[in-house]
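Undergrad: Order-wise, the sequence lines are chains A and B. Residue numbering for the first sequence follows my numbering, starting at 42 and increasing by one per position. Residue numbering for the second sequence follows my numbering, starting at -5 and increasing by one per position.
Treat the hints loosely; a few may be bogus.
Over 12 Å on every C-beta distance to chain B, these chain A residues come out as not near it, computed from the model [unchecked claim]:
(1) SER66
(2) LEU68
(3) ALA77
(4) SER85
(5) THR96
(6) SER99
(7) THR267
(8) ARG270
(9) ARG272
(10) PRO277
(11) LEU311
(12) GLN315
(13) GLY323
(14) ASP326
(15) ASN361
(16) THR400
Calculated lysine-lysine pairs in the BS3-like style (CA-CA distance at most 25 Å, straight line) [unchecked claim]:
(17) A/LYS407 / A/LYS360
(18) B/LYS89 / B/LYS137
(19) B/LYS137 / A/LYS61
(20) B/LYS312 / B/LYS290
(21) B/LYS172 / A/LYS61
(22) A/LYS76 / A/LYS61
(23) A/LYS205 / B/LYS290
(24) B/LYS312 / B/LYS194
(25) B/LYS312 / B/LYS217
FYI, nobody ran anything at the bench for these hints, they're computed from the structure. Backbone N, C-alpha and C define an ideal beta-carbon position, used for all residues, glycine too.
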Amino acid sequence: MESLRDRAVIVGIGQTDFSKNSGRSELALAAECVKAAIQDAGLSPRDIDGMTTFTLDSTDEIEVARSLGIGDLTFYSRIPHGGGAAIGIVHQAAMAVATGSAQYVVGYRALNGRSGQRYSQGVSGDIVTSDLIHWGWYMPFGLLTPASWVAMFTQRYMHETECKSTDLAQVSLSTRKHAVNNPNAFFYRRELTLEQHQSSRMIADPLRLYDCCQETDGGCAFVVTTPERARDMAQPGAVIRGIAQASADDQESMTSFYRPNIAVLPEMDLVAKQVYAQSGLGPGDIEAAVIYDAFSSIVLWQLESFGLCEPGEAKEFIKNGALELGGRLPTNTHGGQLSEAYIHGINGVNEGVRLIRGTSCNQPEKNDCVLVTAGVGIPTSGMILGKLA
Amino acid sequence: MHLDSETARRNQAFEVGIREYVGMKEGPPFACPDLVNEPMIRHWCEVMGDSNPAYLDADVARKTVHGGIVAPPTMLQTWDMRGYPMRDPALIQNKQRELHALFDRAGYTGVVATDTEQEFIRYLRPGDQITSETTIESISEEKATGLGIGYFIVTRTVFTDQNGDEVGWLTFRVLKFKPSQPPAAVATDGGAPKAPSRIKSPRGHDNAWWWEGIDAGLLLIQKCRDCGALRHPPGPMCGACQSSRWETTESSGEGTVYSYTVLHHPPIPGYDFPCPVVLIDLQEGTRLVANIAACKPEEIHIGMKVECRIEDAGEGMKLPFFYPAR
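Just need the whole structure built from these sequences, with the hints factored in.
TA: Here you go:
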């Protein structure tokens, strides 16, 4: 069967500094991280002929191309639904190089997420199109922020699985342990205790402050090409063994409240099914993971979606440091979006590549097979990375 | 925001003025008035409730890795504290005080300490002579905070011993801010300012009829005219049979809580916080987001029976509210 298995390789990664106030434009951040990714790959801007990003990114790909002198583009695209696009744009790049639509594709995401528009401040009446009608079912009642939407799912999940806030805390604590060793992380050298988690202020019951990711200014980018080209390049390649997008039955953007059961993630189940079928791999093969962590609870659901544990059993799986370096599944070794930075999952793509290269700040011994996922509660995406043979 | 040229010029002069302080030493190195000593260690431990014998009991301390009494590391900052003169600006003058005065004159009269970071390089022992030197490390951009608009100022103090070796450091962050005006005080000649209200749903082809039902006191559910499937939120086409023909049926308003959240932060103007939001399974089989009323947040639970009343939510906007079933 024709598939994307082993047809595309991530050969370069780049990022800006992460901060709470970058002091520069989102275009500047995008140009910097794209430049860094191209340099990391040992390429020059003129080699790039494809670009892809999020619909939410404020910077047009052609503006980034002009800034860097990239020149001609034969492929460009955008993926909607916020963090759900994180691996979706890798998927775009992979399809473009596998079909010959482009040779070297850059994916990027750059935002002033703290000093500019802050997602935590919620949606408002200013938005346009059919989106506005959609939010109209929630805005009058105060359900305006990502935390408020995810809290509704989390409450039901905790009701059905008897998962406790102290279980959610295990996710926050493990990512923080990793961030303590990562100089690029906001929480570098700043540890978190269970007591601090439990006494942090309630944001949207049952989500407390440390169940929520950060807001960050910064940008991340990566370069994708074919395995044939990748073999002669500057960095060891991270080959894409399986990659997929998915939107599932009765999907809404962040508010899929109307399904018979909302304590599961049908769209991520569908991503898992595809990437396992494509790669010929299974849950037992996954050695490390970068699991999208805009909120602590969503990590638990994804572990279940990818069959890393039985449905409803994630709270048991994550006990005893399973997500930490040395545990069953070292996860979010950069600190994740809870503790490194919130770059809409693209900092996670870059960490996935570092894990394969063996250059993570918290490098596990086994790194042949790394799972990387995208945002949850929205149409989403995921992939499995491996070492280029 | 429109600024007249005079205001813009003054703001720019202030910005330039405060930035000149970044990187400056607060003053010359300060030799702490007392050597590290046991009485002060004992007093500090007593106040802090720390009974660690390594700090207090010479016999026990001698047998520890320290070989004698040491000072608690977190006591570092106390050695250079100046006592009561700290409260009197006339008695201590330095660059940090000068900088704060600049902020005061520009209206940033509030000050609050926000956080500190410290590193302790070695334990201090009785007899150590500590010297501190403080640098104004950074001033943030102007920030909007809950207390008001302001700037975060970070100072870094480095502590050295009698040999000139660094024994620890601390950074200290304060917010200098313009205290927020209560809303009434900013009222212009138009009278009292208008309180913000809940955000209304926009109305279009696919949803206006539902909100008009609410306006008329009816909780409606969309029903496919061909297959009879009920759907909410409503839309132009039936997902089950692709028919575009539909009608409405009135809900009994009876339901159960399927899930819920209580919103605490950020408080959004126009809504009462903490704000409970419920996801209701209506008896007819569709689900609906709304607020719950007459129920304390801690009393809300999944499976709770509720009933709908359509009520005025201010500014003539009607909304469905769910009450605990009688």
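Undergrad: Hints broken by the structure, by number, lowest first?
TA: Going through the list in order, the structure violates no hint and respects every one.
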